[in-house]
Amino acid sequence: MQRPELESDPERSFVMDSALSDPHNASAEAGSPANGTARPPSTPEGIALAYGSLLLMALLPIFFGALRSVRCARGKNASDMPETITSRDAARFPIIASCTLLGLYLFFKIFSQEYINLLLSMYFFVLGILALSHTISPFMSKFFPANFPNRQYQLLFTQGSGENKEGGRGSPAPGSGLTRPLCPEIINYEFDTKDLVCLGLSSIVGVWYLLRKHWIANNLFGLAFSLNGVELLHLNNVSTGCILLGGLFIYDIFWVFGTNVMVTVARSFEAPIKLVFPQDLLEKGLEADNFAMLGLGDIVIPGIFIALLLRFDISLKKNTHTYFYTSFAAYIFGLGLTIFIMHIFKHAQPALLYLVPACIGFPVLVALAKGEVTEMFSYEESDPKDPAAVAESKEGAEASASEGLEKKEK
156 MQRPELESDP
166 ERSFVMDSAL
176 SDPHNASAEA
186 GSPANGTARP
196 PSTPEGIALA
206 YGSLLLMALL
216 PIFFGALRSV
226 RCARGKNASD
236 MPETITSRDA
246 ARFPIIASCT
256 LLGLYLFFKI
266 FSQEYINLLL
276 SMYFFVLGIL
286 ALSHTISPFM
296 SKFFPANFPN
306 RQYQLLFTQG
316 SGENKEGGRG
326 SPAPGSGLTR
336 PLCPEIINYE
346 FDTKDLVCLG
356 LSSIVGVWYL
366 LRKHWIANNL
376 FGLAFSLNGV
386 ELLHLNNVST
396 GCILLGGLFI
406 YDIFWVFGTN
416 VMVTVARSFE
426 APIKLVFPQD
436 LLEKGLEADN
446 FAMLGLGDIV
456 IPGIFIALLL
466 RFDISLKKNT
476 HTYFYTSFAA
486 YIFGLGLTIF
496 IMHIFKHAQP
506 ALLYLVPACI
516 GFPVLVALAK
526 GEVTEMFSYE
536 ESDPKDPAAV
546 AESKEGAEAS
556 ASEGLEKKEK
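Just so we're on the same page, my numbering is the position in the sequence shown counted from 1, plus 155.
It should be emphasised that the hints constitute simulated quantities derived from the structure, not laboratory data. None of the values given here were measured: they were computed from a predicted structure. A hint or two may mislead.
Said to hold, decoys possible - Derived DEER-like restraints, expressed as beta-carbon distance ranges:
id	residue 1	residue 2	range
1	341	487	38 to 48 Å
2	214	253	25 to 35 Å
3	499	355	42 to 52 Å
4	512	475	36 to 46 Å
Stated by the list, open to error - Subject to a maximum C-alpha distance of 20 Å in a straight line, what follows is the list of computed DMTMM-like cross-link-like pairs (lysine to aspartate or glutamate):
id	residue 1	residue 2
5	472	530
6	297	347
7	473	535
8	473	527
9	472	536
10	472	535
11	473	530
12	501	200
13	439	200
14	473	536
15	472	527
We put the CB at the ideal spot given by N, CA and C, even for glycine.
Using the sequences and the accompanying hints, generate a full structural model.
This is how it looks when you write it as structure tokens:
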């Protein structure tokens, strides 16, 4: 069985969550590995290929996740409802992230790394299959024939006694025009036969990852996690985005430069929480093992802010996506600058140190130039799960239905 190829080997180049590594670290420190053979230095071509691939892989989930977030915000499927992040959530997030990171650090210090990573592998095995299935489902739907027997299913768990549930005692007859009493929904997931096929295909990747820990399987899961994060995590306004990015800006700098906690966790943590690409791919092919890495936090956190700006662009109804493309270009600039600085100083860099000023500063400068700063910071998205928003939506739907009935009667 192939050994895990991620961060378990401290002699490999690595990128911790929100940091990029020096690609020469592995070569410089590999003079006395366990087998006594030195790792050959990465070639300039291999380094360029690795970081170019990481940059491309980071852009894909941001771009497509942002586009899907628009459809997600407009959708009515309860299984695809976005999670809205408020300013309070954003302010607490760096604290929660710090506690989680410190907790993992203590776990790895106290308990056996092997058993912890075994539990994490099983956990991410399940999450990865679900995330990958949700990611590929829209693309795979195009390949099914028109006569494919597609059936709809719904997994529903509600709170309450049986008589308050659909089909229970006291429920109105179908077609009666009456509504049954509403019960708090714990789980409401809608899917079809095509989704089950995608789930089966994703399970193959899951088994591959579980058994081999191969870097391609890791990247498939990492891309799926990133795209789902950008699609389903929605900031409620630009101010909340600034609070979140600003807080994680400080978090990133402290844990990368201030302590060795993030280094230790990153080297010990075997899970698809980063994208990896081998710098020795040209020499060793798919069995390459000298990796450059990028944490998923450096993709999802700026990505949800970029997705918010796309939805803001659409709300302006000007048929232009100025702020989306500006922030997207800012992300490319920030990540490219991170890689450049890393090579200059030969030290791992916290990517958010460069991404946050770029992703916030560029769009704000454009808004200042266009005189739309007020519109940008007053743009607000309601939580689709908020009772007030749900009630408003239902009132609108009932009003539309009433108008339709009146027109039919006339």
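Cross-check of the supplied hints:
{"no.": "1", "hint": "341 to 487: 38 to 48 Å", "result": "41 Å, holds"}
{"no.": "2", "hint": "214 to 253: 25 to 35 Å", "result": "28 Å, holds"}
{"no.": "3", "hint": "499 to 355: 42 to 52 Å", "result": "47 Å, holds"}
{"no.": "4", "hint": "512 to 475: 36 to 46 Å", "result": "24 Å, violated"}
{"no.": "5", "hint": "472 to 530", "result": "13 Å, holds"}
{"no.": "6", "hint": "297 to 347", "result": "14 Å, holds"}
{"no.": "7", "hint": "473 to 535", "result": "18 Å, holds"}
{"no.": "8", "hint": "473 to 527", "result": "13 Å, holds"}
{"no.": "9", "hint": "472 to 536", "result": "16 Å, holds"}
{"no.": "10", "hint": "472 to 535", "result": "15 Å, holds"}
{"no.": "11", "hint": "473 to 530", "result": "13 Å, holds"}
{"no.": "12", "hint": "501 to 200", "result": "18 Å, holds"}
{"no.": "13", "hint": "439 to 200", "result": "14 Å, holds"}
{"no.": "14", "hint": "473 to 536", "result": "18 Å, holds"}
{"no.": "15", "hint": "472 to 527", "result": "13 Å, holds"}
Hint 4 from the earlier list is the only one contradicted by this structure; the remaining hints agree with it.
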